[in-house]
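*Asks:* Residue numbers (the working numbering), protein chains in the order written: chain A, 166 to 566; chain B, 166 to 566; chain C, 166 to 566; chain D, 166 to 566.
It should be emphasised that the hints constitute simulated quantities derived from the structure, not laboratory data.
Please note that the accuracy of each hint is not assured.
[What the hints assert, rightly or not] Where chain D lies over chain B, by a calculated footprint (3+ residues, C-beta under 8 Å):
hint, stretch
1, 233-242
2, 254-260
3, 329-335
[To be verified] Listed next, the in silico DSSO-like pairs over lysine-lysine satisfying Cα-Cα at most 30 Å (straight line):
hint, chain 1, residue 1, chain 2, residue 2
4, B, K523, A, K523
5, B, K299, B, K523
6, D, K523, C, K523
7, C, K523, C, K299
Yeah, the Cβ is synthetic: ideal placement off N, Cα and C, and Gly gets one too.
4 protein chains.
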Amino acid sequence: MRLAPNAELYMQVRERTVAICADLQLEDYCVQSHWFVSPPKWHLGHTTWFWDVFCLRPRSLSRTPRGWDLALNSYYQSQGSPLPQAGRGVRSRPTIREIMDFRRQVDESMVLLLQDGAPDSANANETRSETWGKTFEVGIHHEQQHQELLCMDIKALLAMQTDVIEDLRCLSARVPDPVSEPGNPNRWWRIASGIYEIGDAGQGFAFDNERARHRVFLEAFEVRQELVTNAEYLEFMRADGYSRPELWLSVGWDWLHREGTRAPLYWRMRDEEWWEFDLDGWKKLDPDQPVRHVSYFEADACARWMNSRLPTEAEWETVASRESGSMHRQLWQWTQSAYLPYPGFRPFQGALGEYNGKFMNGQMVLRGGSVATPPPHYRVTYRNFFPPELRWQFSGIRLAR
Amino acid sequence: MRLAPNAELYMQVRERTVAICADLQLEDYCVQSHWFVSPPKWHLGHTTWFWDVFCLRPRSLSRTPRGWDLALNSYYQSQGSPLPQAGRGVRSRPTIREIMDFRRQVDESMVLLLQDGAPDSANANETRSETWGKTFEVGIHHEQQHQELLCMDIKALLAMQTDVIEDLRCLSARVPDPVSEPGNPNRWWRIASGIYEIGDAGQGFAFDNERARHRVFLEAFEVRQELVTNAEYLEFMRADGYSRPELWLSVGWDWLHREGTRAPLYWRMRDEEWWEFDLDGWKKLDPDQPVRHVSYFEADACARWMNSRLPTEAEWETVASRESGSMHRQLWQWTQSAYLPYPGFRPFQGALGEYNGKFMNGQMVLRGGSVATPPPHYRVTYRNFFPPELRWQFSGIRLAR
Amino acid sequence: MRLAPNAELYMQVRERTVAICADLQLEDYCVQSHWFVSPPKWHLGHTTWFWDVFCLRPRSLSRTPRGWDLALNSYYQSQGSPLPQAGRGVRSRPTIREIMDFRRQVDESMVLLLQDGAPDSANANETRSETWGKTFEVGIHHEQQHQELLCMDIKALLAMQTDVIEDLRCLSARVPDPVSEPGNPNRWWRIASGIYEIGDAGQGFAFDNERARHRVFLEAFEVRQELVTNAEYLEFMRADGYSRPELWLSVGWDWLHREGTRAPLYWRMRDEEWWEFDLDGWKKLDPDQPVRHVSYFEADACARWMNSRLPTEAEWETVASRESGSMHRQLWQWTQSAYLPYPGFRPFQGALGEYNGKFMNGQMVLRGGSVATPPPHYRVTYRNFFPPELRWQFSGIRLAR
Amino acid sequence: MRLAPNAELYMQVRERTVAICADLQLEDYCVQSHWFVSPPKWHLGHTTWFWDVFCLRPRSLSRTPRGWDLALNSYYQSQGSPLPQAGRGVRSRPTIREIMDFRRQVDESMVLLLQDGAPDSANANETRSETWGKTFEVGIHHEQQHQELLCMDIKALLAMQTDVIEDLRCLSARVPDPVSEPGNPNRWWRIASGIYEIGDAGQGFAFDNERARHRVFLEAFEVRQELVTNAEYLEFMRADGYSRPELWLSVGWDWLHREGTRAPLYWRMRDEEWWEFDLDGWKKLDPDQPVRHVSYFEADACARWMNSRLPTEAEWETVASRESGSMHRQLWQWTQSAYLPYPGFRPFQGALGEYNGKFMNGQMVLRGGSVATPPPHYRVTYRNFFPPELRWQFSGIRLAR
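Bound-form chain A, shown alone (with noise of 0.2 Å):
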């Protein structure tokens, strides 16, 4: 059966989040190594979740068994009481051969909606083509997010297992290195004050948080162009910068001492020498790479004691539209704006409303993308957003000025 272009593009994306599990042991699939990561093995179903509430529900072409909503839920009120995240890790059930049959049907019942290109409308929500085609453009880009989110959480979990095995690595889901460029700290992008225009243009998927697009006024900035580098950041290390409370947020002093942290997470000191963990395993630190895996308040004291300061998310993008091509997506970077509704924003209608605007409070916004984003996911007017303490996502700092 030839199949139709969205039907391929489907099982493409679809197969790819399996992918990136391939080197991974049976027991790594049901693990859950911290309360804010997920085992794969729920990533797995919740995708598959995903499709079914969202684009075979409405047709009455359910595949998800009973009982399962509850377990396969992230957050979606509409759908039943979803169980607290930190909880993920304590279902043994369903297994994952359970799990991969829900895929596999619930990936032929879609192909066969999709062969048919825009099924007719299913219910008051979906009056039109144009939103069964907007609701499968979500389905697309939640699973890319979740292929991102399964990296990151496959390199929690295998580095948290190195202190019993030594040489744990996942090839499958590696994310190369950030290319660095050969570095001159000393080059910044000048933007000249004045009005400028922010968010979705309506050329592409977009998320609802991106719109909507609105100008904003910016008064004359500079940006580094190249992102802090590992040398760097061990300068600010080593010139105490841990220990000097007024670089550091009053919260992040808080944090930093409640958790005792000392570096970047993913580096070990070894015989006299920093070491960080990969994917690909434990290596020598390089001093030429960015600097990765910190928080916002450690991106913050840095950048201060650089005498910079992060970007606003208007001043990234508004760079970042301008300076295509040398600006690129190496790791998400950290901003200095609080993750808030765009002047217009509106939800996405339906049960999908969940799926961004209630989440914002208490989260700062990270811009640009890394090399574990997959490559179509990627767009200049991308939000992402972390609360401040955490960093396991890749996450890096960019300075302006």
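Given chain A, put chains B, C and D in place with the hints provided.
*Replies:* Same frame as chain A, but now just chains B, C and D:
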């Protein structure tokens, strides 16, 4: 002795702090009712210590007894490691009499200093009399901030005692009811899109966080003239507002269930009617008054239910600076802006640099003022801030759309 | 090869441990459902590690891979700092296949050793073949203890999954229902006052905590022949037993309200009827069975409500050693004795000294045994112990007066 | 008016409670320094409420103002739901003056009642004058218990203030130093094996938990005449006693690391010397004094290190009742007995049944008394009890073997 103008201002402000506590019993001065409030005794001590640290010590005139720094430092890392805020209630010493003696001694030294006009600079951070003047002004505004905090903390303290002793009141700290206008909920101010300026223009005192004055682009918007009333909030409650997840931010929904919140703070149901606690005791809820003591989460959810939203702080300031007179200071009004630095923000120099900047994470901005705000302390550029779940401050709901 | 008797015993015991898990899915081996249970994979690894540490290592025959000590040590401080029990569920590695290989290797070495009969002593702690024999016996009994723990932990694990997948069961771990006698709740054994002897008399294996055998003076008492039944416990519940503070110990009352406990563990109400989860699935509560899975607090409160009390362990052992045959091992029976050393108690020598003695605080003694107890493991002097609030063990209620 | 003997006893005891607080500042009365201590104000109120509830209310003579039950009830479920102990420090009301007025009113009513001798019975629980007498005696002993608690709590309170104000003392609550005998640590009392009787013989007042008097069989044992001294405890510390897991109970080891404990409570190192805080201030540690303010875990570990053990309460009482005169009340002495009911234990009737019995879990028995114990309160059968980790009571170490 005739007092110089600044000495007179100083004494007026200092005496007002003591006067707010006039109706308290001695026991009330000592107790910390919640982790986020402070015993009145601590406020009386800390404000005095502040003058000592920033005005007397640089001139070697300190009057602080040995050991007291530990008890009276709020959060200045540069002045030694402060104790956790939650532990202020375990200190019976210094006693109130000792604190009052300390006040008198510091006041004596301060007045002597102020009689001289602008004293000579005392250290590298105070190279001009201009700097002395600024430090003095910060001290005045610091004490005024604590006057409002005292009203908030006394209210929280007394409310907690009313399960044992019903008819508690503190008329000296009393805050008049916000005068609600003869309500027409249909009147909205309208602002056209364009570039506006916000922030301190340098005409009077301002904190560092109100600067730099800068341009913002605002899309057209409207702001309702009347605050949300108790009657409107009761409608929200009757419409199951506290039970509908689609109205709430995700962390707000969690907060709601963790705390069991079902109504604004200081409300209680008695004989099928709602009563409200105030500094002059329990009384029946007045439906025409603006609703008070709500969290950011409640304000946000109620606004959403009313098909509106909260204003940003730029919107609020733009309206307030144009509609002077009609937008008066009834209550602090939650904005949907996170507390973040303005473009060009520079912290105060020296130890006062810890005053504002280090709190720029995890808090939301409130604008306006309240009847507990000392009138000279009010200004249209003032940025107040609290974590989104707290509600013992005099907070209300302003709608925008 | 014909196995020597000890080698044969060893292999029988080792194979039984694996057989208990026969019906599990691979995912079930990995998950830690509560802080106080361990993943089945961990039990399989830890019991093997135990043989390695106490039998193979002293002879330089260790087969434990580097790093595994950290993961498989339960609580032996002498063998390095053990990880917290609550963190056993975050280890995906070593994998089950690796654990099973480890089992095979250790078994191979152990059998070789056991074919020799009593091997030469290997260190200062094993100066006679008698000592070797004792270490071997401890290993056997240690593995049998974990066999019962496996049944308990598998039950807790599967019960937790039944909100998602209803019909879980594990027949290989299955524990037959305690056979209740044709009940006559009015038959009591009567013991006259006098001096009795309790504790291990040295005829067979015993843990150090069962020694020294010693004399106790008992006042006259009676012990009921039948355990408290489900029917009796339901009466206690219907008489508002869970709501009457005068029946409960103070910490028990607090526990009740903190956990929201209203019934024994593994009970649930469905369609106005009580159902009970067992290793062969959910079934309607049988009123004639002894009540199971109650905490010490529940046992104590129910006994009080029945105008009785729990027996002390000295009373229990005195009855059990005289009334053999009729006081069979249906369930572990809470006694009102705290777990404390007997007069003349001496811990095992060497690292095994950590086996029992250091837990003698905060726990209550249970006596008897259960259908999950491997029969050769049972003896009348056996002292089992758990914190008073735990109830995933097979515990029941014996009355005394 | 000449007072009847019981009225005179009553007034003496009541006045002593107030006298213990004589040197406190008013602020000291209000503060709760740790969750397990109570503000002195609360003790003054609660002891008064106790007389009101058990003596005046049954005769309709209650003087307790409306609402105060909530604040002054300690743990009597029969008298309404008591507030959590940890929340006593948030109550500024009733004020001390109000509490003292309440004391005077209750005292007045009590004295009137006591002048009549044995008043008529007032309810079903008090059918004979004998019952009245018992309730009165419990009230006297209850107040005396709180006198010792006041000394403990005042010491904990003042110690906490000494980081701010160095030279605090409370001579009215002062407890004389335990007089150590001219020490010969080699003298031990020896008791032969046999049947002994312990528990209240009915000659004077006793709490319900001291009954029934019963026979116990004791194996031969020895008890050291001198308590463990500071000098001996320092040797234990210098021998790394706090760092050797083999000396500690498992929960004790966890407690040690959770709290960071390295020395007895109220010890601090200054200029390379140990100092000890007492109710008359900080002073250098006297090596010849018995070590004070140790937890059960510390007592147990130190005894183990000294190749001894703690006595059981039966052993302690057997020695103490035979060696009268030489085993004086220096400090409460930890026994290795958990706090459990004696054979034949029957709680007091009515609400007083909550006095002792419901605490019989999770606590260890201490025997003896301390210089803070009111002399008439002492008796050889007295069973004091505390959770094993607490040490603000006047506790010491008695060795057995």
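*Asks:* Take the hints in turn and mark each one as holding or not.
*Replies:* Evaluated hints:
1. 233-242: holds (count 3)
2. 254-260: holds (count 7)
3. 329-335: It holds, with 4 qualifying residues against the three required.
4. K523/B with K523/A: 26 Å, holds
5. K299/B with K523/B: 20 Å, holds
6. K523/D with K523/C: 26 Å, holds
7. K523/C with K299/C: 20 Å, holds
The structure is consistent with each of the numbered hints, conforming to all of them.
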